[in-house]
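K.L.:
Start from the sequences and build out the full structure, keeping to the hints where you can.
These protein sequences, in sequence, are chains E and R.
In this text, residue positions in the first sequence follow my numbering: the first is 1, and each later residue adds one.
In this text, residue positions in the second sequence follow my numbering: the first is 309, and each later residue adds one.
Worth flagging that the hints you see were computed from the coordinates, not collected in a lab.
One or more hints might be untrue.
[Said to hold, decoys possible] Derived SDA-like pairs (lysine to any residue); straight-line CA-CA distance at most 20 Å: (1) E/K242 x R/D411; (2) E/K288 x R/G495; (3) R/K434 x E/A179; (4) E/K125 x E/R159; (5) E/K288 x E/G31; (6) E/K242 x R/I406; (7) E/K288 x R/S750; (8) E/K7 x R/S738; (9) E/K290 x R/P754; (10) E/K242 x R/P521; (11) R/K640 x R/Y669; (12) R/K514 x E/E277; (13) E/K125 x R/M733; (14) R/K514 x E/K288; (15) E/K290 x R/R755; (16) E/K234 x R/G495; (17) E/K234 x E/G85; (18) E/K288 x E/D34; (19) R/K657 x E/I280; (20) R/K514 x R/I408; (21) R/K434 x E/I214; (22) E/K125 x R/P739; (23) E/K242 x R/I408; (24) E/K288 x R/R755; (25) E/K242 x R/H433; (26) R/K640 x R/D699; (27) R/K434 x E/L184; (28) E/K242 x R/Y669; (29) E/K125 x R/V740; (30) E/K125 x R/G767; (31) R/K627 x R/E568; (32) R/K434 x E/S183; (33) E/K288 x E/A14; (34) E/K125 x R/A714; (35) E/K125 x R/R710; (36) R/K514 x R/M733.
[To be verified] Which stretches of chain E does chain R cover? Using the computed rule of at least three CB atoms under 8 Å from a CB of chain R, they are: (37) 137-144; (38) 234-245.
In this text, all values refer to a predicted model and were calculated from it rather than measured experimentally.
Where is the CB? At the ideal position from N, CA and C, for every residue including glycine.
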Amino acid sequence: MTRVLDKFATDIGAHGAVVCVGGNTQPTEGGLQDQGARIVRAPAGIVSYEPSEMTVTVYAGTPVTELANALAAHGQTIAMPIADGSTIGGALAVGRSSVFHLGHGNVRDTLLQARFVNGAGELVKVGGPTVKNVTGFDLCRLLVGSLGTFGFFGEVILRTRPIAASTQWFSALQADPFATRRSLYRPASIMWDGATTWVCLEGHPEDVAAQATILGRQFQPCSNPPVSLGGPEKHRWAMEPKELRSFGAERSPGSFMALIGIGEAWCSQPPPATPTEPRIQQLEQSIKTKMDPACRLNPGRTPGRRST
Amino acid sequence: MAPNSDLVDALIDIVGVHGVVTNAAEANLYSRDASNMTGAVGAVCFPTSTSQVAAVVALANRLGRPFVARGSGTGLAGGAVPTGEPIVIVLTRMNRIIDIDIDNMVAWVEPGVINLDLTRALGAHKMHFAPDPSSQQSCTIGGNVANNSGGPHCLAYGVTSPHIASLEVVLPDASIVTLGAVGPPTGVDLRGVFVGSEGTCGIATKIAVRLTPNPPAVRTLLLAFDNTTAATDCVSAIISAGLVPAALEMMDQKITNAVEDFVGAGYPRDAAAVLLVEIDGLPAGCDAGAAIVRTIGEAHGAMSVRLAASEGERLLLWKGRKTAFGAVARIKPNYYLHDTVVPRSALTKVLSEVYEIADRYDLIVMNVFHAGDGNLHPLLVFDGRLPGIMDRVHAAGEEIVRASLAAGGVLSGEHGIGLEKRDLMSLQFSPVDLVAQDMVRSCFDPRGLANPLKVLPAGSRCGEGHGVPDGLWI
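P.N.:
The following block contains the structure:
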């Protein structure tokens, strides 16, 4: 294990611009990467999996679907988008949660421990291997969503979760998604495009049936989640959850897809530029300077910057 | 030690005469927290607004004097023990619930709000704040943020960090920023670094906590075993069955008997260990979960499996658990509570090592802990008046920590590092790992004024060589 990670660190080295490529499914996130940079790939494969611990250790280059399939064989899954082609390291670096964010939680809470390579080419461990851990500074959360600009994931330990006994999507036209959310106990997901509301209920089959009754006859079962979020032609908007109501009211039905309860929406129109507070920018830059003084890791990418 | 008079005068200019402690006896109350460590204060003040906190921090910067923020002082790792005669900034007067925003599922609160007071205020909305430390009747939300606090119900809901959406923070240079957002994350998660940084990255002055809906159904079971191995094996089996209870607590015979003497919670005195298992959610899932727990418990030889038949019985079972540490006073006048986490599969092995270590040091050990997530809380019980006893307590404690790490565990599950485990950090992290943590900390606080000498051991910073802080009594 250490030899594999040492080789990854050696590949990255301590000099010259270097880009870590996963599945390359989100190549424009946070800006276009520097074309002249050397390319490295994280090692791939499941290192160890203890279903009874509800944790799994994987190399960062492991495809998300490969891990999801291995976990599903033991009735478990992970709270991150399970998309064809994407890798675990890439998904963590982008830091985007799945359509089940409302019920399963944020992807940043999935990462328990990481071994990553910093700008000096050093292998650094952050976090801890157990499901509960508050030892030292929580740098795992700093890395998730940082687009690899502080370091490249080599190996991670993730929290797993049980797959629900029953999962069912429902949809309805002209339902109020906000009232729907208030009427349900911890739905897994609620999506809305201004016309249709989709609801995912999970749990014991009898509980799913009872919650479906609360939804009312307006909602009908449907077979699949409506869409995957994002895509090259879509832009992500982030706002307070309640602001989605006015966001939707200002747009034509079907022109966007919103995650109710989260405050996230996707549409073809880019969001307005929202400048980061100067003091926050300073802090972020200061951390970048410490972790990667030569700015050689994933040049061209900036966390939080609008996709190009 | 009397507060520094020039400092007191400068603080009075900021927070008023009623916001500063002027006599030595009262000031010394703030020289310690709930740990066994004592420091020394430079001065003590009680700001009531963000601008006052920022002004006090600015004063500290002008004087080059450290500052330490604290809430109720319930921390067990010495995180709020003042080192370097700092200005102690007590936040208990900033205790307003500013806004309960159900549409956004957050509440904005000041840091001095008591954890249980918040949950009670949310009760009218059928919501609660999920982290529930055993000290929730007195600990503050600001303290929960600083320590990334846990509690029995962390098993299903997680420790504090996932429940913090956003924070207004006075940084160590006195600038005021907002970290995180009520909406979804964008960019670098500085909020996540701040939570659990034990006051070393600044002071939270407003906190947006996420609200958790009260579960429509709850099932609470008490399982009794005639040996601790069967109980710990049962814990692993429950998790292996794909069940994540809201809470899964274990108590050994010494502590259950102490609790019975104290509050009469209805625990069986003849059991070597009991498991308190709570399942919450929707009714059918709860019933199915309770049936699985019963089946697994019986398969592991449980002497009895009891489902709380009423809310009163459930509350009594929890009262026993939550007053366990108070009950210890009936055995000996002092205790030292440890906090480590091990993989669930190592619970049986490490617990037997804990008993063996305590025997070897001729100490009483009681175990009451969050078994579901492997969070051990060995309680070393002793009479601190006996000569040499603290040496034995510390030596046994360090062996327990080392045994936990050897089993693949971590130093702390919910109490934090503070001063207590600062010098043990190198057991879990390499020098390179520690330098990375210190680099991030120094970005927030390049002058090292915010709660200095906590969390990271001497030598984490290049060229640094601090030892045990002067004047600190451990």
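K.L.:
None of the hints should be skipped; say for each whether it holds.
P.N.:
Status of the hints after comparison with the structure:
| no. | hint | in the structure |
| --- | --- | --- |
| 1 | E/K242 x R/D411 | holds (6 Å) |
| 2 | E/K288 x R/G495 | holds (13 Å) |
| 3 | R/K434 x E/A179 | holds (16 Å) |
| 4 | E/K125 x E/R159 | holds (17 Å) |
| 5 | E/K288 x E/G31 | holds (16 Å) |
| 6 | E/K242 x R/I406 | holds (18 Å) |
| 7 | E/K288 x R/S750 | holds (12 Å) |
| 8 | E/K7 x R/S738 | holds (19 Å) |
| 9 | E/K290 x R/P754 | holds (12 Å) |
| 10 | E/K242 x R/P521 | holds (17 Å) |
| 11 | R/K640 x R/Y669 | holds (16 Å) |
| 12 | R/K514 x E/E277 | holds (17 Å) |
| 13 | E/K125 x R/M733 | holds (13 Å) |
| 14 | R/K514 x E/K288 | violated (27 Å) |
| 15 | E/K290 x R/R755 | holds (16 Å) |
| 16 | E/K234 x R/G495 | holds (18 Å) |
| 17 | E/K234 x E/G85 | holds (18 Å) |
| 18 | E/K288 x E/D34 | holds (17 Å) |
| 19 | R/K657 x E/I280 | violated (46 Å) |
| 20 | R/K514 x R/I408 | holds (13 Å) |
| 21 | R/K434 x E/I214 | holds (18 Å) |
| 22 | E/K125 x R/P739 | holds (10 Å) |
| 23 | E/K242 x R/I408 | holds (13 Å) |
| 24 | E/K288 x R/R755 | holds (19 Å) |
| 25 | E/K242 x R/H433 | holds (17 Å) |
| 26 | R/K640 x R/D699 | holds (17 Å) |
| 27 | R/K434 x E/L184 | holds (13 Å) |
| 28 | E/K242 x R/Y669 | violated (58 Å) |
| 29 | E/K125 x R/V740 | holds (8 Å) |
| 30 | E/K125 x R/G767 | holds (17 Å) |
| 31 | R/K627 x R/E568 | holds (11 Å) |
| 32 | R/K434 x E/S183 | holds (12 Å) |
| 33 | E/K288 x E/A14 | holds (15 Å) |
| 34 | E/K125 x R/A714 | holds (17 Å) |
| 35 | E/K125 x R/R710 | holds (19 Å) |
| 36 | R/K514 x R/M733 | violated (30 Å) |
| 37 | 137-144 | holds (count 7) |
| 38 | 234-245 | holds (count 6) |
Hints 14, 19, 28, 36, counting from the list given before, are not met by this structure.
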